[in-house]
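Taken in order, these protein sequences are the chains called A and B.
Take the position in the first sequence, starting the count at 1, then add 331; the result is the number in the numbering used here.
Take the position in the second sequence, starting the count at 1, then add 331; the result is the number in the numbering used here.
Simulated from the structure, these hints should not be mistaken for laboratory data.
Accuracy of the hints is not assured; some may be wrong.
Listed next, the in silico SDA-like pairs over lysine to any residue satisfying Cα-Cα at most 25 Å (straight line) [claimed, not checked]:
(1) Lys730/B to Arg523/A
(2) Lys351/A to Leu350/B
(3) Lys470/B to His503/B
(4) Lys730/B to Leu437/A
(5) Lys730/B to Gly591/B
(6) Lys351/A to Val698/B
(7) Lys706/A to Lys501/B
(8) Lys569/B to Val400/A
(9) Lys506/A to Thr614/A
(10) Lys501/B to Gly421/B
Residues from chain B that face chain A, not an exhaustive set, calculated with beta carbons under 8 Å [to be verified]:
(11) Glu484
(12) Gly485
(13) His535
(14) Arg711
(15) Asn726
(16) Arg727
(17) Lys730
(18) Ala733
Between beta-carbon pairs, the in silico distance windows are [claimed, not checked]:
(19) Asp629/A to Asp593/B: 53 to 63 Å
(20) Asp629/A to Asp655/B: 58 to 68 Å
(21) Asp593/B to Asp433/A: 45 to 55 Å
(22) Val400/A to Ala420/B: 16 to 26 Å
(23) Lys506/B to Gly591/A: 29 to 39 Å
(24) Ala697/A to Arg648/B: 37 to 47 Å
(25) Glu616/B to Gly634/A: 30 to 40 Å
(26) Arg515/A to Asp466/B: 50 to 60 Å
(27) Ser562/A to Gly382/B: 30 to 40 Å
(28) Arg648/B to Glu498/A: 48 to 58 Å
Cβ coordinates follow ideal geometry from the N, Cα and C atoms, glycine included.
2 protein chains.
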Amino acid sequence: MKCLLLICDGMADRPVKTLKARTPLEAASTKNLDALAKAGICGIVDTIAPGIRPGSDTAHLAILGYDPVTSYTGRGPFEAAGVGLEVTAGEIAFRCNFATVDEKGLVVDRRAGRISEGTEELAEAVNGIELPGIDIRFKASTGHRSALVLSGEGLSHNVSESDPHEEGVKPHTVKPLDDSLEARRTADVLNRFILECRRVLAGHPVNVKRIQEGMRPANTLLLRGVGVAPSLASFSEKYGLSAGCIATMALVRGVSRFCGLDVLGADAEASISGLVKMALDATSEYDFVLLNIKAADDATHDGDAEKKTAVIEEIDRAAAGLLDFTTENYLAVLSDHTSSISRRDHTGDPVPILIAGPEVRTDDTAVFSERAAAKGGLSRIRGQDIMNILVDLMNRSEKFGA
Amino acid sequence: MKCLLLICDGMADRPVKTLKARTPLEAASTKNLDALAKAGICGIVDTIAPGIRPGSDTAHLAILGYDPVTSYTGRGPFEAAGVGLEVTAGEIAFRCNFATVDEKGLVVDRRAGRISEGTEELAEAVNGIELPGIDIRFKASTGHRSALVLSGEGLSHNVSESDPHEEGVKPHTVKPLDDSLEARRTADVLNRFILECRRVLAGHPVNVKRIQEGMRPANTLLLRGVGVAPSLASFSEKYGLSAGCIATMALVRGVSRFCGLDVLGADAEASISGLVKMALDATSEYDFVLLNIKAADDATHDGDAEKKTAVIEEIDRAAAGLLDFTTENYLAVLSDHTSSISRRDHTGDPVPILIAGPEVRTDDTAVFSERAAAKGGLSRIRGQDIMNILVDLMNRSEKFGA
């Protein structure tokens, strides 16, 4: 008996005026998701807690059964793990941008002309920087994106970020956010690291060539999303399930990696139906597979209700093959958080969930939507409840008591 | 975008026999509240937790987003703040009654003949009492009611009260409730304070005159509701909203003051429609306004189901102007606790809530009542969830994660 957890990133929404006060999920034609809702049991989920506005990172931690309040200090460690850096508990990590500063030190481009080539050579130079007592690990990701991990004694995540989040100003000096020796030392280390980056990147052949070709040089790094890597119990040991993750988003891959799931290769350009097929295939190897589909959240950030509706219909077509799966296995479909078309960002509203499989207590819900699910048999639960419910339905739960 | 939180104190009830097993809210004709329920989303709320019987103080703390378990030790500090005494975190406070004792020291009247005049002069005498190392602040409230704040090093709230809650017996000696030096010192200080009160009140001109006129003298103070003043985060900083409170009840005013809300003048004799109008007006100045309407709870304590039903109908008429408000703003209506006509006191049953405003996921609920709301789209939430939900609907919430 296997379990597939399909997380449709940011699919849930609020009623949208241009959709006649329906949500995109209500407006979309979703016969396959509706059939799954009918075959299963529905409910609503506060992935963190009612009204709390989750990030994708904290939401996925909670859905995988980890308390984000104790395990999360910032996005950096998860992003770093997601791009393939080794990150160990206690290490400090950042997301970084390759960026362009002018001769006065002002940021002229936070994305270094959307650099797409040569970042691995630049990363090699950054990795060559030596700071006493500190181990630096740096990796380029897609485009201007990259991640940084610092390890060493006496570091703290309680420091400010250098990314000013706007252009025409100088990058921020990193500052300690408390009076501890560790925070002051970490800020000092980071400011020296950033200075060294400027030095090794300025004259780097990749940048010399970019300037010659009229492109903006990637002559500095902007740091943000600082966090300390948590020590998390292994998902497989926690639930007694071998587990894999399919996600195109580095952040979700990073969260899954931290929880000990095998992160399976997923082409960033893969179609939604391709991802669903990959996930179904992976259930032959793993007891549990998490599939994250990012497209509905992307459409929300663009504020495009029609595109979001169309994406949901594409997810629905891809879900055609899932009903058969639920004859002998368990499937859960939910959104990791609500994403509001009008706010163009995540919101704290609960998300709909459906769970289908051989022994669920089916309810009257015959449509998969935010409002239909609110009447479902699961009532209102929390993100951290989901894995316990699924593991128990699979008859793999431990008894608490005798 | 503004938010109005209307708390109908003790409005929720259990089914009442004389109302044909309906609750007063079900029996009342409430077309305006019903219209708001229809326009919004409903649910039920355990203001503290299921089955836990809240006070008005702990319920309001929870609804404002504070954990009553960690912030509440007794009513005293909130009552004291409510009558206008300055109360600082760590200080010890009591509610007090002016009372009458006879020459044997027995309580003959716990309310000193329902004294209504001269209490400010008496309070002045009490404030003149000097105890080494202790600062005494005392204030008369309405009628026989008053409040006391003690500040000084090494005080504890873990002491018993002097009010015997019956007549014909001596007031209790205040006793330490643990072995700490602080509790023993505080009990000692209070017993000396009460003795001094007897001394300064006995021969006070106000009491001499009362006796001459055949009225009972206010010749002692009875202390109860001891609590230590908590240190609470500012509501405005917590939620990023400027906030005002309109309440005729000192206790609610005190809780609001502790949370940092501006307590606006509200005439104790103001009509319900006058209070609602005042609250709507206050939303032009504040992002968030809390309005407490006490009348339904008062009717419950009298055990008068017909009066309670009539009060609810009066609230409904006053609510006529609220539907327009919800076109561009958010409104929440709930009871802070259930108050049972048969028990004549608060009970731990959940209370109905409705939230109306531009982007709520409306549900099928078309009637505002305890049982109708239980079928609503909010399902069952906690008091401490309410502010998070409202702030998120207002698009003012912080993201937890990335």
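Structure-based check of all given hints:
1. A hinted pair counts as satisfied when its Cα atoms are at most 25 Å apart, and Lys730/B with Arg523/A does not qualify at roughly 31 Å.
2. At roughly 41 Å between alpha-carbon atoms, Lys351/A and Leu350/B are farther apart than 25 Å, so this suggested pair is violated.
3. Between Lys470/B and His503/B the alpha-carbon distance is near 22 Å, which keeps this suggested pair within the 25 Å criterion.
4. With a C-alpha separation of about 29 Å, the suggested pairing of Lys730/B with Leu437/A is violated against the 25 Å cut-off.
5. Distance check on the hinted pair: Lys730/B and Gly591/B sit about 24 Å apart at the alpha-carbon level, within 25 Å; holds.
6. Taking the CA atoms of Lys351/A and Val698/B, the gap is near 24 Å; set against the 25 Å cutoff, the hint holds.
7. In summary, the hint linking Lys706/A to Lys501/B is not supported, as the alpha carbons are separated by about 58 Å, beyond the 25 Å threshold.
8. For the proposed pair Lys569/B and Val400/A, the alpha carbon gap of about 17 Å is at most 25 Å, so the pair holds.
9. At most 25 Å may separate the alpha-carbon atoms for a hinted pair to count; Lys506/A and Thr614/A exceed this at roughly 47 Å.
10. Under the criterion of a C-alpha separation no larger than 25 Å, the hint pairing Lys501/B with Gly421/B is inconsistent with the structure, at around 30 Å.
11. Using the Cβ-Cβ criterion of 8 Å, the hint placing Glu484/B at the interface with chain A is not satisfied: the shortest such distance is roughly 27 Å.
12. The criterion of a C-beta within 8 Å of any C-beta in chain A is not met by Gly485/B, whose closest approach is roughly 29 Å, and the hint is violated.
13. The interface hint given for His535/B is broken, as the beta carbon of that residue sits about 53 Å from the closest beta carbon of chain A, more than 8 Å.
14. Of the supplied interface hints, the one on Arg711/B holds, with its beta-carbon coming within about 7 Å of a beta-carbon of chain A, less than 8 Å.
15. Satisfaction of the interface hint for Asn726/B is found here, the shortest Cβ-Cβ separation to chain A being roughly 5 Å, below the 8 Å cut-off.
16. Contact between Arg727/B and chain A, as hinted, is not supported at the beta carbon level, the nearest pair being about 10 Å apart and thus beyond 8 Å.
17. A hinted interface residue such as Lys730/B counts as satisfied when its beta carbon comes closer than 8 Å to some beta carbon of chain A; here the least separation is about 5 Å, so the hint holds.
18. Interface hint status for Ala733/B: upheld, as the beta-carbon distance to the closest one in chain A is roughly 4 Å, under 8 Å.
19. The hinted window of 53 to 63 Å between Asp629/A and Asp593/B is violated, with their beta carbons roughly 43 Å apart.
20. The hint said 58 to 68 Å for the Cβ distance between Asp629/A and Asp655/B, and at roughly 37 Å that hint is violated.
21. At roughly 48 Å, the beta carbons of Asp593/B and Asp433/A sit within the given window of 45 to 55 Å.
22. Evaluation of the 16 to 26 Å hint for Val400/A and Ala420/B yields a pass: the beta carbon distance comes to about 25 Å.
23. Against the hinted window of 29 to 39 Å, the Cβ-Cβ separation of Lys506/B and Gly591/A comes to about 56 Å, which falls outside the hint.
24. Take Ala697/A and Arg648/B: their Cβ atoms lie about 41 Å apart, and the range 37 to 47 Å holds.
25. Checked against the given bound of 30 to 40 Å, the beta carbons of Glu616/B and Gly634/A, roughly 32 Å apart, stay inside it.
26. Between Arg515/A and Asp466/B the beta carbons are some 40 Å apart, a value that contradicts the proposed interval 50 to 60 Å.
27. Range check, Ser562/A to Gly382/B: about 37 Å between beta-carbon atoms, so the 30 to 40 Å window is met.
28. Between Arg648/B and Glu498/A the C-beta distance comes to about 57 Å, which sits within the given range of 48 to 58 Å.
Hint compliance for this structure: hints 1, 2, 4, 7, 9, 10, 11, 12, 13, 16, 19, 20, 23 and 26 are broken, all remaining hints hold.
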